[in-house]
Amino acid sequence: MGPNFVLIISATIFCIGALGFMIRKNPLIMFMCVELMLNSVNFLLIGYSDFLNSMDGQIFALMIMAVAAAEVVVGLAIILTIFRTRHDLNVDHINVLKG
Amino acid sequence: MPHRRAGLIACGAVGGAFAFSLYALSQMMFLEAEQRAGHVLTLYTWITSETFTLNLSILIDPLSVFMFLIVTGVGFLIHVYSLSYMEGDPEFPRFFAYLNLFIFSMLVLIAAADFFFLIVGWALVGLASYLLIGFWREKTSAVLAARKAFVMNVIGDVGMVIAAFVIFSHFGTLNYLDVFAAAKANLRPNDDVALLITLLLLVGAFAKSAQLPLHTWLPDAMEGPTPVSALIHAATMVTAGVYLVARCHVLYELAPYTMYFIAGVGVITAVFAGSMALVQYDIKRVIAYSTMSQLGYMFLAVGIGVFSAGMFHLMTHAFFKALLFLSAGSVIHALNGEQDLRRMGGLRKSMPLTHLTFLIGSLALAGFPLTSGFYSKEAIILSSYHGEMGNIFFWAIAVLTAGMTAFYIFRVYFYTFNGTLRSPEAHPHEGPLALTAPLVALAGLALLAGGLGHWVDEFLAPVFGAAPVHPEDELLETIAVTAGVVGIAFAGILYMTGRDRLEFVKQALAPIYDLLYNKYYVDEIYDFLIVRPTKAIGAFLEEKAERQGIDFAVDEVGAQIHGVSRGIGLWQSGKVRTYALNMVAGLVVILLFVVFL
Chain A
1 MGPNFVLIIS ATIFCIGALG FMIRKNPLIM FMCVELMLNS VNFLLIGYSD
51 FLNSMDGQIF ALMIMAVAAA EVVVGLAIIL TIFRTRHDLN VDHINVLKG
Chain B
1 MPHRRAGLIA CGAVGGAFAF SLYALSQMMF LEAEQRAGHV LTLYTWITSE
51 TFTLNLSILI DPLSVFMFLI VTGVGFLIHV YSLSYMEGDP EFPRFFAYLN
101 LFIFSMLVLI AAADFFFLIV GWALVGLASY LLIGFWREKT SAVLAARKAF
151 VMNVIGDVGM VIAAFVIFSH FGTLNYLDVF AAAKANLRPN DDVALLITLL
201 LLVGAFAKSA QLPLHTWLPD AMEGPTPVSA LIHAATMVTA GVYLVARCHV
251 LYELAPYTMY FIAGVGVITA VFAGSMALVQ YDIKRVIAYS TMSQLGYMFL
301 AVGIGVFSAG MFHLMTHAFF KALLFLSAGS VIHALNGEQD LRRMGGLRKS
351 MPLTHLTFLI GSLALAGFPL TSGFYSKEAI ILSSYHGEMG NIFFWAIAVL
401 TAGMTAFYIF RVYFYTFNGT LRSPEAHPHE GPLALTAPLV ALAGLALLAG
451 GLGHWVDEFL APVFGAAPVH PEDELLETIA VTAGVVGIAF AGILYMTGRD
501 RLEFVKQALA PIYDLLYNKY YVDEIYDFLI VRPTKAIGAF LEEKAERQGI
551 DFAVDEVGAQ IHGVSRGIGL WQSGKVRTYA LNMVAGLVVI LLFVVFL
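Chains A and B, in that order, are what the protein sequence lines are. When you number the first sequence by our numbering, it's gap-free, plus one each residue, and the end is 99. When you number the second sequence by our numbering, it's gap-free, plus one each residue, and the end is 597.
Hint data in this document are derived by calculation from the structure and do not stem from the laboratory. There's no promise every hint is true.
[Unchecked claim] Residues of chain A clear of chain B, computed beta-carbon distances all greater than 12 Å:
(1) Cys15
(2) Pro27
(3) Phe51
(4) Leu52
(5) Ala66
(6) Ala68
(7) Thr81
(8) Val91
(9) Val96
[To be verified] Straight-line distance between alpha carbons at most 20 Å, and here's what the computed DMTMM-like set of lysine to aspartate or glutamate pairs gives:
(10) B:Lys139 <-> B:Glu91
(11) B:Lys139 <-> B:Asp191
(12) B:Lys575 <-> A:Asp92
(13) A:Lys98 <-> A:Glu35
(14) B:Lys575 <-> A:Asp88
(15) B:Lys148 <-> B:Glu524
These figures come from a predicted structure and were not determined experimentally. By construction, the Cβ of each residue, glycine as well, lies at the ideal position given by its N, Cα and C atoms.
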């Protein structure tokens, strides 16, 4: 298991997340894709931490998870509010900020 | 504030000022004649700059004390008169506040020891005049007249301010005494600077004193209450121009060309205004034109260099013209606001006292022997021929005007007091004591002030240099007096005995009559030459420059920016997924850029 393996896995997961974010219309799924992208980075950080024999990467991963958790709280609250007012969660229909 | 108290405070203030003026006079009389001039009292240093100091200071010399006495004395009598005349006016306190503001401004103008405070006072009296002419602000004609007076006066103010700039740039100071000393030492006669300064000051003097061609505001100013006409537009403010020339006589003596110009304009205004007064039917307008005409005499006097004769006429004129205005006000009061001569008449029996005072005023104005007007006018008319700068034309026009003066004032007199009353519904009666007492006092002054001529000459001599020599010429004197008497007789023939002769004269002189009645069409000429072109230029600029130029450019810039913004705004689709796609695409481009370049 060299660093290339970690890189490839991480890039694959990131691309799956990005593609999912672009393709899916359900905000919950889109949120999961965002988490996927974040976690791909976490994976990379932890893999390199092992490879470089340093604990820094793992600590960073923990911090990213904490930030992601906070972000999810806010995001889910927004999604919940939108659903309560509109009864519709298709992101293509949520376009009030259209220019 | 209760009306009564407001009036008493105002009268008390002016009466106090008069008392202080008398005190100043008594102090001055204790001094030797040579020591009387040039006392500068510095109250406060207002501005100190590197090369410029502005002191709040007053100049006490015989000329300013002389003017203090006239302004506060006549002003006090007119204040007392107003107590009764304005009684019942709902805005009585406002009227007295304005009157006091006027007296204050006039005293600032007279007491100023430098050109700066002269201009301050000059502008303030213009303001007070504006407020008082437009006192009855619900009357459109009064408001328009006030505006006209203000605009005309501001034209003069501009001239004064530019004159002050020229004085400062040339002499480096604005103090009268310093400027006059420097001018005496450095300028040759008819020096360009002297001519420029004197002519610019003259713009202000002519505007304030209603001389040609800036005279049109004065007759319209009669829209104000009658005491205002008496105080401001006869006795005090309009004489400020004469005072200015007298005050700056050092400069004017260095500019003989300007002096000729002043005398010329003065004498032309005298005959011009006198001729217009011949045919007007509004009692106050006749007296207003008469004021212009008499101011012309004063300018003639100062123009030919007999300053103390000019100031003497200023004083006697203040007395008899204030008397005429107040008597006219008494008549107007008795007839409930009627000002048209054609609706008056026969008031001799119902208003004996006013009749007497008006007669005294008329005689003084006409220069009837032994009245005050006789002495002062005679001095001017004689000097206009015998004086250093006099000539036969000045004299002839002055005598002609004297005849006209006698004619038009007795025309008013006969119209008002003779025959029978032509407005049957009115019940004229004499006013209360506050109304008649000032009339009596002024009548006494108008009758007797002639004896003060020599005293005035001597009193003012420290300011003007040696007292002028009075030429003796019995022939010219007789001619001038005869002109006055002929004028009176002519008015008597036309207006006392029968209307047919009057109609005949009117028919015979119809073109001239129309010309005079329409005031030489000066208002119309100004309207055509200045007001309408200005309005046309304004309309043209509004359409071409404003609407099609500035507005168009601004609107177009706005519209273009709006259009561009709309185009850019279309990129904001509002779809989250599109944004994500754009982000990833941008990321990819940056990555490619980093990797391959």
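Confirm or reject the statement that proline 27 of chain A sits farther than 12 Å, beta carbon to beta carbon, from all of chain B. Non-interface label on proline 27 of chain A violated, nearest chain B Cβ at 8 Å vs cutoff 12 Å.
Minimum C-beta separation from cysteine 15 of chain A to chain B exceeding 12 Å: can you confirm that? The claim is violated: cysteine 15 of chain A sits with its nearest Cβ about 9 Å from chain B, within 12 Å.
Hey, is threonine 81 of chain A genuinely clear of chain B, shortest beta carbon separation above 12 Å? holds, 16 Å
Alanine 66 of chain A: least C-beta distance to chain B exceeds 12 Å? holds, 24 Å
Are all C-beta atoms of chain B more than 12 Å from that of alanine 68 of chain A? holds, 17 Å
The output says leucine 52 of chain A does not contact chain B. Does that hold with a beta carbon cutoff of 12 Å? holds, 22 Å
Chain B versus valine 91 of chain A - minimum CB to CB distance exceeding 12 Å, so not interface: Given that some Cβ of chain B is not farther than 12 Å from that of valine 91 of chain A, nearest at about 5 Å, it is violated.
Non-interface label on valine 96 of chain A, tested against every C-beta of chain B at 12 Å: violated, 7 Å
Under the criterion that the straight-line Cα-Cα distance not exceed 20 Å, is the pair lysine 575 of chain B, aspartate 92 of chain A satisfied? Answer holds: lysine 575 of chain B to aspartate 92 of chain A is near 5 Å, not above 20 Å.
Claimed clearance of chain B by phenylalanine 51 of chain A, with the beta carbon kept past 12 Å: Holds, since 22 Å exceeds 12 Å.
Keeping to a limit of 20 Å between CA atoms, is the pair of lysine 139 of chain B and aspartate 191 of chain B held or broken? The given pair, whose Cα atoms are some 49 Å apart, is violated under the 20 Å limit.
Are the Cα atoms of lysine 98 of chain A and glutamate 35 of chain A separated by 20 Å or less? Status violated; Cα separation ~26 Å.
Of the numbered hints listed earlier, those contradicted by the structure are 1, 2, 8, 9, 11, 13.
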